[in-house]
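A.B. asks: Fit chains B and C with the ligands to the given chain A structure using the hints.
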Amino acid sequence: MPKFESIDHLREYRRQLIAKRDPNQSQVLVCAGPGCLPMGSEEVAAAFREEFEKNGLGAKVLLKECGCHGLCAGAVRVLIRPQEITYQQVTPGDVPEIVEKTLKEGQVVERLVYEDLHTHEKAAYKGEIPFFKGQMPIVLRKLDVIDPTSLDDYLAMGGYRGLRKALLEMKPDDIIDAIDKSGLRGRGGGGFPTGRKWRICQDVEDEPKFIICNGDEGDPGAFMDRAVMEGDPHAVLEGMIIGAYAIGASKGYIYVRHEYPLAVSRLQLAIEQARESGFLGKNILRSGFDFDIKISRGAGAFVCGEETALIHSMEGNIGEPSPRPPYPAQSGLFGKPTVINNVETWANVPEIINLGADWYAAIGTEKSKGTKVFSLVGAVNQTGLVEVPMGTTLRQIVYDLGGGIKGDRDFKAVQTGGPSGGCIPAQFLDLPVDYDSLQSVGSIMGSGGMIVMDTTSCMVDVARYFINFLYEESCGKCTPCREGLKNLLFILDEIIHGRGSEEHLALMEELCGTMATASICGLGKSAVNPIRSTMKYFKDEYLAHIRDKKCHALVCRPLLKYTIDPETCTGCLACVRECPVGAISGKKKMAQELDQELCVKCGLCYEACQFEAVKVE
Amino acid sequence: MDLPRLETILSRYEGESWDLIPVLQDIQDSYSYLPKDELQVVSERLNVPLTQIYSVATFFKMFSLIPKGKHQIKVCLGTTCHLKGGGRVVESLSHRLGVEVGYTTKDMQFTLETVGCLGSCAQAPVMMVDDKYYGRSTVDKVPKILKLYK
Amino acid sequence: MVWKISDETAFDTLGEEVRLTINGIPIRAPQNQSLLVTARANGFEIPTLCYHRDLPSEGQCRLCVVEIGEHPHTQIVNSCTYPTSPGLVVQTHSEKVMQARRIVLELLLARTPKAKLIQELAAAHGVYESRFKTDDPEELCILCGLCVRTCREVVGVSAISMKGRTPDKQVATPFLEKSPACIGCGSCAFICPTNVIPYTEKNGVRTIWGRDFELQACTVCGNYIEPKYQLEHWAKITGDPVETFFVCKDCR
Ligand SMILES: Cc1cc2nc3c(=O)[nH]c(=O)nc-3n(C[C@H](O)[C@H](O)[C@H](O)COP(=O)(O)O)c2cc1C
Ligand code: SF4
Ligand code: FES
Numbered sequence: 155m156p157k158f159e160s161i162d163h164l165r166e167y168r169r170q171l172i173a174k175r176d177p178n179q180s181q182v183l184v185c186a187g188p189g190c191l192p193m194g195s196e197e198v199a200a201a202f203r204e205e206f207e208k209n210g211l212g213a214k215v216l217l218k219e220c221g222c223h224g225l226c227a228g229a230v231r232v233l234i235r236p237q238e239i240t241y242q243q244v245t246p247g248d249v250p251e252i253v254e255k256t257l258k259e260g261q262v263v264e265r266l267v268y269e270d271l272h273t274h275e276k277a278a279y280k281g282e283i284p285f286f287k288g289q290m291p292i293v294l295r296k297l298d299v300i301d302p303t304s305l306d307d308y309l310a311m312g313g314y315r316g317l318r319k320a321l322l323e324m325k326p327d328d329i330i331d332a333i334d335k336s337g338l339r340g341r342g343g344g345g346f347p348t349g350r351k352w353r354i355c356q357d358v359e360d361e362p363k364f365i366i367c368n369g370d371e372g373d374p375g376a377f378m379d380r381a382v383m384e385g386d387p388h389a390v391l392e393g394m395i396i397g398a399y400a401i402g403a404s405k406g407y408i409y410v411r412h413e414y415p416l417a418v419s420r421l422q423l424a425i426e427q428a429r430e431s432g433f434l435g436k437n438i439l440r441s442g443f444d445f446d447i448k449i450s451r452g453a454g455a456f457v458c459g460e461e462t463a464l465i466h467s468m469e470g471n472i473g474e475p476s477p478r479p480p481y482p483a484q485s486g487l488f489g490k491p492t493v494i495n496n497v498e499t500w501a502n503v504p505e506i507i508n509l510g511a512d513w514y515a516a517i518g519t520e521k522s523k524g525t526k527v528f529s530l531v532g533a534v535n536q537t538g539l540v541e542v543p544m545g546t547t548l549r550q551i552v553y554d555l556g557g558g559i560k561g562d563r564d565f566k567a568v569q570t571g572g573p574s575g576g577c578i579p580a581q582f583l584d585l586p587v588d589y590d591s592l593q594s595v596g597s598i599m600g601s602g603g604m605i606v607m608d609t610t611s612c613m614v615d616v617a618r619y620f621i622n623f624l625y626e627e628s629c630g631k632c633t634p635c636r637e638g639l640k641n642l643l644f645i646l647d648e649i650i651h652g653r654g655s656e657e658h659l660a661l662m663e664e665l666c667g668t669m670a671t672a673s674i675c676g677l678g679k680s681a682v683n684p685i686r687s688t689m690k691y692f693k694d695e696y697l698a699h700i701r702d703k704k705c706h707a708l709v710c711r712p713l714l715k716y717t718i719d720p721e722t723c724t725g726c727l728a729c730v731r732e733c734p735v736g737a738i739s740g741k742k743k744m745a746q747e748l749d750q751e752l753c754v755k756c757g758l759c760y761e762a763c764q765f766e767a768v769k770v771e
Numbered sequence: 652m653d654l655p656r657l658e659t660i661l662s663r664y665e666g667e668s669w670d671l672i673p674v675l676q677d678i679q680d681s682y683s684y685l686p687k688d689e690l691q692v693v694s695e696r697l698n699v700p701l702t703q704i705y706s707v708a709t710f711f712k713m714f715s716l717i718p719k720g721k722h723q724i725k726v727c728l729g730t731t732c733h734l735k736g737g738g739r740v741v742e743s744l745s746h747r748l749g750v751e752v753g754y755t756t757k758d759m760q761f762t763l764e765t766v767g768c769l770g771s772c773a774q775a776p777v778m779m780v781d782d783k784y785y786g787r788s789t790v791d792k793v794p795k796i797l798k799l800y801k
Numbered sequence: 009m010v011w012k013i014s015d016e017t018a019f020d021t022l023g024e025e026v027r028l029t030i031n032g033i034p035i036r037a038p039q040n041q042s043l044l045v046t047a048r049a050n051g052f053e054i055p056t057l058c059y060h061r062d063l064p065s066e067g068q069c070r071l072c073v074v075e076i077g078e079h080p081h082t083q084i085v086n087s088c089t090y091p092t093s094p095g096l097v098v099q100t101h102s103e104k105v106m107q108a109r110r111i112v113l114e115l116l117l118a119r120t121p122k123a124k125l126i127q128e129l130a131a132a133h134g135v136y137e138s139r140f141k142t143d144d145p146e147e148l149c150i151l152c153g154l155c156v157r158t159c160r161e162v163v164g165v166s167a168i169s170m171k172g173r174t175p176d177k178q179v180a181t182p183f184l185e186k187s188p189a190c191i192g193c194g195s196c197a198f199i200c201p202t203n204v205i206p207y208t209e210k211n212g213v214r215t216i217w218g219r220d221f222e223l224q225a226c227t228v229c230g231n232y233i234e235p236k237y238q239l240e241h242w243a244k245i246t247g248d249p250v251e252t253f254f255v256c257k258d259c260r
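Chains as they are written, first to last, in this note's numbering: chain A, 155 to 771; chain B, 652 to 801; chain C, 9 to 260.
Derived from the structure by calculation, the hints contain no laboratory data. Don't take every hint at face value.
[Unchecked claim] When the alpha-carbon atoms are kept at most 25 Å apart in a straight line, the in silico BS3-like pairs for lysine-lysine are as follows:
no. : chain 1 : residue 1 : chain 2 : residue 2
1   : B       : K792      : A       : K743
2   : B       : K712      : B       : K725
3   : B       : K792      : A       : K560
4   : A       : K742      : B       : K795
5   : B       : K719      : B       : K798
6   : A       : K769      : B       : K792
7   : A       : K755      : B       : K792
8   : C       : K236      : C       : K210
9   : B       : K687      : C       : K186
10  : A       : K742      : B       : K792
11  : A       : K679      : B       : K712
Excised from the complex, chain A in its bound form:
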């Protein structure tokens, strides 16, 4: 990799790079994204390597372990270019056949291709699959094309073109104007206009200035930022360099949560490559502009995603938020003006600069521009990462892209915005998704987690889950959040144990009112959303728990009763081995008995039984 001495040098290098590359180069892209990695991508890639070796294909076919392909439900995914054949549920055992049939003979391995759940039609090519057809990838565009460890791949896809344009053709003010005009709003949850934030920071007369990329991604159910950091790390860097040039920052930090070790190493490698090539460091591309980036690892605290807490922890303190103002853009890291933006926000920046503000502003709705990446998970058939224009309806996302609810059960709710968001019921399925519309129904965009729930989810349990999560993650600094969450959790536990009353509901309502207004930070303020939205749209479920002492979704344990059906029980003793309290007894090969007194209702027996002899009501 050369060190680029000038902008022309970069352009020339890119030209040659593209000329050298054969567009018809045969490539195998094994997804190593968040969805596929735990299902064995590494093993699949190793199998390909071995098979290439055996068949002497090593020089002919390019193997890449790349970022998320999107449709995680089919993990491990393999994409064959240039044909764009996409295989799913690939195991190392399938690899010889793929090599033989597809790579050598150019045929499709039918049994590994996507099959529509309803029509059973098969689709081998990426362009034919409805999940991909309905999307508009901007941020995710390069994920299934490039090798995230290759700067050349990034350059060949037009990488650092935005930076080139920014340095060559634009003044810092022009860049901020462009970001402003594009209508880009923060993707980290709040949706604050990015251009305005940059302007505030630029206007502060204080030096040095800092840039932070917030890669804490603590919302359970969200992995967009992880996919971007792991799959296209240079895009994040490029966005940050452009931002730094615009506001006049000399140093940047990427704060990554420590549960994402791969994101850390990919970003670290990208930073080193960028330094070597002259995109980072002194006198970037001979423009006279200096900027460097460092990685900060989180240490395990959800609240550190909050900007002031994040800054305190970067300074070596506990992650307690502080009241704003002052905002970080005025006084942030080490008391200096600091722009802090989310990973996805940064990744949008190079594209906006490269293709222009008008292009971006033409996408989306009136007040929410561009696209948004969602991690679509839960009870849908096709879980994965999707990127759609703002304003796409929930129905399109859940049914057209997500392929509807698993097992054809009924849709119950979709939870957006993580613990700060709410549960949106079926009546709002046609809601166009943008910042303002989600807020109007009591949820928030959040960072883009979208968890679909069907009738097997109990909404009281869901509310309790989030409150418990927040209770454990509350920093404990301010009274309403610290004491409020404790009491919300206590009340929900009472309800789940069948000891709830309707006064409890009123008390929660009242408590939420104060938490939402008087807490210091967004954690406490928005902690009320999961409660308020479920109480509003699923009041009947609360009442069933309170009045009838019943959890109709069969989730709230204390209200359940497990029994063993003597007719179906084969006496295999699988349940006996699982039961943590020894409540099940009986002779081998005979029907077992469950002692209700001892039973802690953990349901382990229910899961262990392969004959459905354990019943629950």
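C.D. replies: The following block gives chains B and C with the ligands in isolation, referenced to the frame of chain A:
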């Protein structure tokens, strides 16, 4: 106290107070906990009061003041994993290993922990042993996964 | 016992005078002065628990909340850190504010049912009983952080800090052991609004945070002054020989 080991860690940083968390992370990774004597040295070198170190060490989830096991099991209890039975996976592990969440087995082999979200929600329930992710790790898969580390 | 420091610490960035209204009354105040100080200076009472004029405010207790802005775009903020700005409209006793204060006090009353100060403040807001849950009926700490801040910012030693998070947070010495940094000055116990920090003085020995401190007797009158450690600390920061502090105030 293992001073050379600590020196190696400290030498990676410039000795500023804001290096505190990275230094503690390296100590945690290397020692599997934060030994008191080492923290005393860190306090002097980075010029950070011991109180602040203690606050930090008790605030963040990744730090522990007592030794952790050779393998760290993190079971995801993110929303999707919660809905798909992550809680049962925890119970099953806890039962099999004979430890409560947050504790280490007597033979110092395993520490059982839960985390907010591992970001592999599409494969819920997910668990992680050391740096390796395991998707769709339902209760019935638990014994198989454990076996790999025994 | 508490160090005398200047009242000006919080105000070093005050700007020009601005006009704002508090409860409908036009007020002039320096820009960036906290709303709390501004309101109090103009005779509007706002209750506080974690505020102290000699300490940087961190906004823990949330009792000092006020409502800013004009209907319908109002916002609840804590007045102890929120700065004045031109044209700001502030309500110190609106219904929203009072409701927030009542709930905050009711929560604290459940946390520390025996704390006198909380009982009184709650009663003053019409809260006599809490509908919330009490974990430990003996608990007295409201986690205002005044002691920690005093020790760090005013005394300058940092012998205590917050341990952990969530409602389990507690003020503690490192590793819950005797704090080596502690000089026994007792400032933390003195500033604590609910008198939680155990502090005794007997036979020339002061006991605080589980540590005994031998008190220095005045070389003139023989009355006990302060712990030796504390006098040494004074000597260190003033640069005077430690013996200068062995004479009590009255005999100097
Ligand atoms: C409790 C809490 C957690 C947050 N977590 C994150 C996070 O994980 N990632 C993120 O980008 N922003 C998070 N935020 C929002 C940040 O405070 C901040 O607004 C954001 O990083 C700004 O970037 P943006 O303008 O690009 O969205 C969180 C906020 C709160 C209150
Ligand atoms: S709202 Fe919660 S998390 Fe935020 S400062 Fe208050 S206690 Fe801490
Ligand atoms: S006095 Fe302002 S929050 Fe406590």
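A.B. asks: The structure should be examined with respect to each hint, and the outcome stated for every one.
C.D. replies: Comparing the hints with the structure gives:
no., hint, in the structure
1, B:K792 / A:K743, "24 Å, holds"
2, B:K712 / B:K725, "12 Å, holds"
3, B:K792 / A:K560, "22 Å, holds"
4, A:K742 / B:K795, "24 Å, holds"
5, B:K719 / B:K798, "19 Å, holds"
6, A:K769 / B:K792, "22 Å, holds"
7, A:K755 / B:K792, "21 Å, holds"
8, C:K236 / C:K210, "15 Å, holds"
9, B:K687 / C:K186, "14 Å, holds"
10, A:K742 / B:K792, "23 Å, holds"
11, A:K679 / B:K712, "23 Å, holds"
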